[in-house]
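A.B. asks: Listed here are the chains, written in short residue letters.
There are 2 protein chains.
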Amino acid sequence: MINNEARKSEAKAWFEALRDRICNAFELIEEEFAKGASGDLMPGRFERNAWTRKAKNDDPDSGPGGGGVMSVLRGNVFEKVGVNVSTVYGEFSDSFRGQVPGTKDDPTFWASGISLVAHMCNPHVPAVHMNTRHIVTSKAWFGGGADLTPMFPENHHDDGVRFHSALKAACDRANPDYYKRYKEWCDEYFFLPHRDEPRGLGGIFFDGLDSGEWKADFAFVRDVGEVFLEIYAHIVRGQMNREWTDEERERQLIRRGRYVEFNLLHDRGTKFGLMTGGNTEAILMSMPPAVKWP
Amino acid sequence: MINNEARKSEAKAWFEALRDRICNAFELIEEEFAKGASGDLMPGRFERNAWTRKAKNDDPDSGPGGGGVMSVLRGNVFEKVGVNVSTVYGEFSDSFRGQVPGTKDDPTFWASGISLVAHMCNPHVPAVHMNTRHIVTSKAWFGGGADLTPMFPENHHDDGVRFHSALKAACDRANPDYYKRYKEWCDEYFFLPHRDEPRGLGGIFFDGLDSGEWKADFAFVRDVGEVFLEIYAHIVRGQMNREWTDEERERQLIRRGRYVEFNLLHDRGTKFGLMTGGNTEAILMSMPPAVKWP
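Chains as they are written, first to last, in the working numbering: chain A, 1 to 294; chain B, 1 to 294.
There's no promise every hint is true.
Put simply, identical chains are the same to the list, so a pair is met inside one copy or across any two.
Derived SDA-like pairs: lysine to any residue, alpha-carbon spacing no greater than 25 angstroms straight-line [claimed, not checked]: (1) Lys54 with Arg195; (2) Lys8 with Asn76; (3) Lys54 with Phe191; (4) Lys292 with Asn49; (5) Lys12 with Val72; (6) Lys271 with Leu192.
Keep in mind that the hints were calculated from the coordinates and are not lab data.
Every value quoted in this text rests on a predicted model; they were computed, and no experiment measured them.
Produce the entire structure from the sequences given, and follow the hints as far as they go.
C.D. replies: This is the structure:
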């Protein structure tokens, strides 16, 4: 494994700092909404729970360590939003070596990242996912992405344009080729073949990012996190006070089923996490709070 | 592919006849419950929808044909119960050849079966799954199983004993070795490693059944279907009039999440079906009507 403790701790510190900024920003939205609402709503607050990674199913290869912190808010705007940070390290078992770059001759790895999924109370507020991560084996790279999932995609043209513009700006600041490539990667990745439908309005998705300039790559990853927070908070504020009907709520609960199907059938992070002894509660934090398959 | 049209049509006819008997029996339960309830409940009725198998994603290998019928009842005892029968045939694509017995030199197959999943209104009535099938390639075999999933397993000792006794009797009539083997297979199969918990109280699971006596194997498969119907109807009647609390309903919705996790992460039938151009609506009929991951 590449030994660069300074970079590792810098990346880890960033993911945790971004988590703190996101949690603060979302709590502010909860407060604004509670103030604006008639009646006395209690604004939602994040609760944090730390977990420690341990060997699972007595498989010593899944050790040895690290852990993470789950932050969850259940509120009046955010029905359930989970923001997980984790930093884990150890050795890949034989079955995973070769599947992960840079582990052929040396199975040791270190990985740190932030992962966020928000399911909203109001069916007019799009759900969202954002994740960025830094992985170190005998190689070192960044990955991540963000995608927007409105319940009624046909009514969210402007939100989609704004979301993509913000991510494109971050991409363009790093490399004029990134946006096109990462947008297409996102469209390809967040697609449900059995439904023949995309998960939502897309966004960007990238993995294996190692341009040779660690500082520039890290700056891009930070930028993605920052523009995500800014644009998503803006989209939430723009929609959270709209009225909705029981029928719209029903449609929201059904569309959430697609989210579940994608994450359990296709999402690599979910499957990889569950199979490598990751923390089940943290990984499945992405599941919507209430879902229907009528 | 083995050419024995008489056997194929006999098996297909049985799965359809069993479907009819199950649908009738469940509608009778709905009627009994509606009569016993105060107020004027409308007893649930099965609705049927036929589907035709067609090539998916322009993949000619997923053709050519067959289809099925979905029967769904949404009632006052059965919140959602789906009974699917399907008969499909064609050629496996290269990626599946070798994974399926008897397809190495000849990719043609024929498969027919019945599949049932019931999610119940009352949290005290266990959910259930039953499936039997006949598959023909250059080999021919039966598979199937049934397993019981109470929401509060600790309160269903007697139901579990009854369910297992009934299935054991069917196994014993065919072969004294079956029950032990098929019960263990079931325990192993319906297990959620990421939760470190079984799906429910188990039952039996078998595949690749070809004893050399087609008639005997087919008789066993019919017997499994019949004892399943008898014992499950008995269990439903025994629990359907119990009162339940909001808290118990909440716990039911959460436990249903495990059902979703199992079916999308692990169930071979689900994954196989979705990947081979099966009918998505029919395959995902197993999804619970309402679920929570709070």
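A.B. asks: If a hint holds in the structure, say so; if it doesn't, say that too.
C.D. replies: Status of each hint after checking the structure:
Taking identical chains as interchangeable, the C-alpha atoms of Lys54 and Arg195 lie at most 25 angstroms apart only when they sit on different chains, with a minimum of 14 angstroms there against 37 angstroms within one chain. With identical chains, the CA atoms of Lys8 and Asn76 are never at most 25 angstroms apart, being 36 angstroms at best within one copy and 57 angstroms at best between copies. Taking CA atoms no more than 25 angstroms apart as the test, Lys54 paired with Phe191 passes between copies only; the shortest distance there is 20 angstroms, against 33 angstroms inside one copy. Within a single copy, Lys292 and Asn49 get their C-alpha atoms only as close as 28 angstroms, which misses the 25 angstroms cut-off; across copies the closest is 20 angstroms, which meets it.
In this assembly of identical chains, Lys12 and Val72 lie within 25 angstroms of each other by CA distance solely inside one copy; the values are 19 angstroms within and 50 angstroms between copies. Taking the shortest Cα distances, Lys271 and Leu192 sit within 25 angstroms of each other both inside one copy (16 angstroms) and across copies (13 angstroms).
In summary, the one numbered hint that this structure violates is 2.
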